[in-house]
Amino acid sequence: MDFREIANVEYLNQGDFACPGCAAGLSMRHALKVLGDETVIVMPASCWSIIAGGLPTTALQVPLMHVPFATAAAVASGVKNAFREKGEPKKNVVCWAGDGGTFDIGLQAISGAAERREDIIYVCYDNEAYMNTGIQRSSATPPGAWTTTTPTGNPLIFEKKDMFNIIASHNPAYVATTTIAFPDDFYAKFEKAKNAKGFRFIHLLSSCPPGWRIDSKDSVSAMRLAVETGIFVMMEKEGEQEIKVTYKPEKFKPVREYFKLQGRYKHLDEETINVIQERINKRLKKLNLL
Amino acid sequence: MQKDMLLGSEAIAEGVKLARPKIIPAYPITPQTHIIEVLSEMTANGELDATFIRVESELSAAAAAMGASQAGVRTFTATSSHGLALMHEVLHWIVGARLPVVLVNANRAIGSPWNIWTDQTDSMTQRDLGWLQVYCETAQEALDTILQAFYIAEKIQLPFMVMIDGFILSHTLEEVLIPSQDEADEFLPPYKPEYFLDTNNPMSFGAAAKGDIFYLLRKSIEETMEGSFDYIDEAHKRFEKIFKRRYGLIDTYLLDDAEIVFVVAGALVGTTKVAIDTLRKNNVKAGLLKIRYFRPFPKKEIVEALKGDKKVVVFNKAVSFGSSGQITQEIKEAFYYEDKKPVLYDYVLSLGGKEVFVENIVDLANNLDNLDKFKILWRE
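Those protein sequence lines, which keep their order, are chains A and B.
The first sequence begins at 1 in the working numbering and counts up by one.
The second sequence begins at 1 in the working numbering and counts up by one.
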């Protein structure tokens with residue numbers, strides 16, 4: 001993409017509370033450049049509850065409503081329908097939630113909103129654990145990863161919950177996975193989500209330097225490697241269309257390279273890494289990528 | 001104004017329709033179900049110009065109500081029992097966000113074991129939230145209270161919970177006067193909030209607050225509660241002027257010369273009045289104090305009504321285990337600094353819908369001197 005086309009406007013104020021290298025902050029900044037000022041954010045408990053700043057300040061140039069952990073999709077349903085009743089049906093009502101608020105505690109409300117065809121955009125920035133409370137495992141935590149509640153690594157019997165297909169099975173207007181490490185993919189998907197009508201869902205992989213045990217400077221590289229090793233696949237499904245993979249590297253790198261960069265995987269032995277590599281290969285084959 | 005025979009639930013739906021809410025998120029639970037069925041029908045046939053959101057749980061019903069109200073429109077929901085308990089977290093948030101949501105709770109017991117019949121455990125255990133609470137005696141009162149609830153809630157920016165006893169009011173036919181839409185509109189002006197989610201004036205709502213600010217916000221809620229009596233009074237006067245029906249914080253029946261007073265909240269008031277008539281025929285000077293407002297708790301009016309040489313039996317359809325009935329606690333607290341206190345009996349009855357008959361109340365009055373005023377009293 002031509003980066004000169006990126007809107008020369010900032011909806012994220014300077015001086016937010018994101019950690020250095022936090023992809024959740026970066027993702028919000030660019031998402032809002034696409035979504036624009038006719039946007040309302042509904043935000044459950046997450047790192048972003050802190051990043052957004054304490055009362056009476058705000059990090060955003062759009063209206064922002066903080067809400068209880070399990071309720072984002074339901075609150076957004078109320079907000080959106082209220083705007084429609086007020087004769088303002090075009091407002092973008094956007095949930096901005098972490099993986100805990102999406103994969104775990106908020107899932108029921110999301111399923112309800114998706115099934116009711118609520119006209120909202122749900123964005124999950126997935127940093128693969130409860131990072132705001134200090135790195136506890138969620139159902140988005142990958143097998144093998146260290147967290148404070150999986151001190152010997154997330155057991156291999158668990159697999160990261162397949163949120164893309166859970167949402168896809170609700171027949172939403174749009175569902176996609178992406179990461180800000182691939183800005184052209186990221187921008188294209190937010191554009192599609194913005195222009196579709198109905199329930200839209202974007203799953204963002206979002207690196208977390210303290211939680212992933214990486215250097216701040218490696219934040220974007222880590223997300224790139226996730227895609228290049230195939231542990232995270234960028235895809236989308238538009239309405240009735242088939243699932244489309246939107247980026248395929250010429251050759252997938254071994255997942256070992258992705259793990260090497262991150263302290264949360266440093267305890268993994270060769271055998272475990274091979275098991276995980278096998279699982280990735282199996283999934284890539286299923287998607288016709290191998 | 002038009003007269004009709006309606007179920008309590010239908011009367012409530014009529015009241016809601018007259019209030020012209022824009023958003024009604026709801027989830028079914030016995031015995032609230034009829035209320036939302038009728039509202040759903042009214043929105044489907046265009047009688048009521050509102051969106052009915054069929055959410056997947058009560059937690060989401062409260063959450064969607066919070067979102068809609070924060071977006072600046074009049075919002076109603078209804079629930080009962082387990083549903084109200086599931087809403088609990090969001091009920092707190094609605095108070096903190098100062099949103100004037102109106103909720104009808106059809107009082108019902110909470111498990112375990114399962115029980116669908118009426119008691120007031122569900123709403124009594126939500127008394128510390130910062131929602132206003134009114135307990136209704138009749139379907140007419142429920143209908144009227146809904147209009148008053150929106151009026152008061154929107155003036156003071158606090159949410160309002162209207163209680164009806166499940167089945168006893170919700171599922172019983174009663175003659176009800178239904179106001180005309182013009183009368184209702186005269187009483188209740190359109191909702192125009194000062195602050196709401198507005199893309200032309202972006203603000204953040206509910207952002208993390210440090211102790212200093214948080215403390216001030218909580219203090220302001222209490223100050224609003226204390227100041228709400230003036231608005232309630234104004235609403236009652238305004239209501240009486242338009243609809244010719246008078247309401248107060250409390251109500252009384254044959255109280256002035258009464259030596260025995262029953263304190264009652266909810267539909268049990270009716271049964272108690274019949275018992276009082278029977279007692280009076282036998283020259284027992286019995287009377288009644290009806291608690292209409294439980295939050296804010298009208299201490300002044302209650303002390304005034306119960307002062308003198310009276311024996312007071314407080315009927316609680318809920319209990320705070322390890323302490324006493326909640327209404328008893330509140331009345332005791334109201335009398336703490338009074339020199340002359342009535343003799344109080346803390347009576348817990350009708351949990352899980354256990355029937356209370358007129359003769360039970362008559363027997364109770366006749367045996368009062370044998371009862372222990374230091375313990376919770378339970379029906380045999």
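FYI, nobody ran anything at the bench for these hints, they're computed from the structure.
Each hint should be verified, as a subset may be incorrect.
[What the hints assert, rightly or not] Ranges between beta-carbon positions, derived for each pair:
1) B/Glu333 x A/Gly198: 45 to 55 Å
2) A/Ala7 x B/Tyr231: 45 to 55 Å
3) B/Glu223 x A/Pro183: 31 to 41 Å
4) A/Ile166 x B/Glu175: 50 to 60 Å
5) B/Ser220 x A/Lys260: 15 to 25 Å
These numbers were taken from a predicted model, which means no experiment stands behind them.
From the three backbone atoms N, C-alpha and C, an ideal C-beta is built for every residue, glycine too.
Evaluated hints:
B/Glu333 and A/Gly198 have their C-beta atoms about 53 Å apart, which keeps the hinted 45 to 55 Å range intact. Against the hinted window of 45 to 55 Å, the Cβ-Cβ separation of A/Ala7 and B/Tyr231 comes to about 47 Å, which satisfies the hint. The hint said 31 to 41 Å for the Cβ distance between B/Glu223 and A/Pro183, and at roughly 50 Å that hint is violated. Checked against the hint of 50 to 60 Å, the pair A/Ile166 and B/Glu175 passes, with Cβ atoms roughly 52 Å apart.
Under the hint 15 to 25 Å, the C-beta atoms of B/Ser220 and A/Lys260, about 54 Å apart, miss the expected range.
Checked against the numbered hints given earlier, this structure breaks hints 3 and 5; the rest are met.
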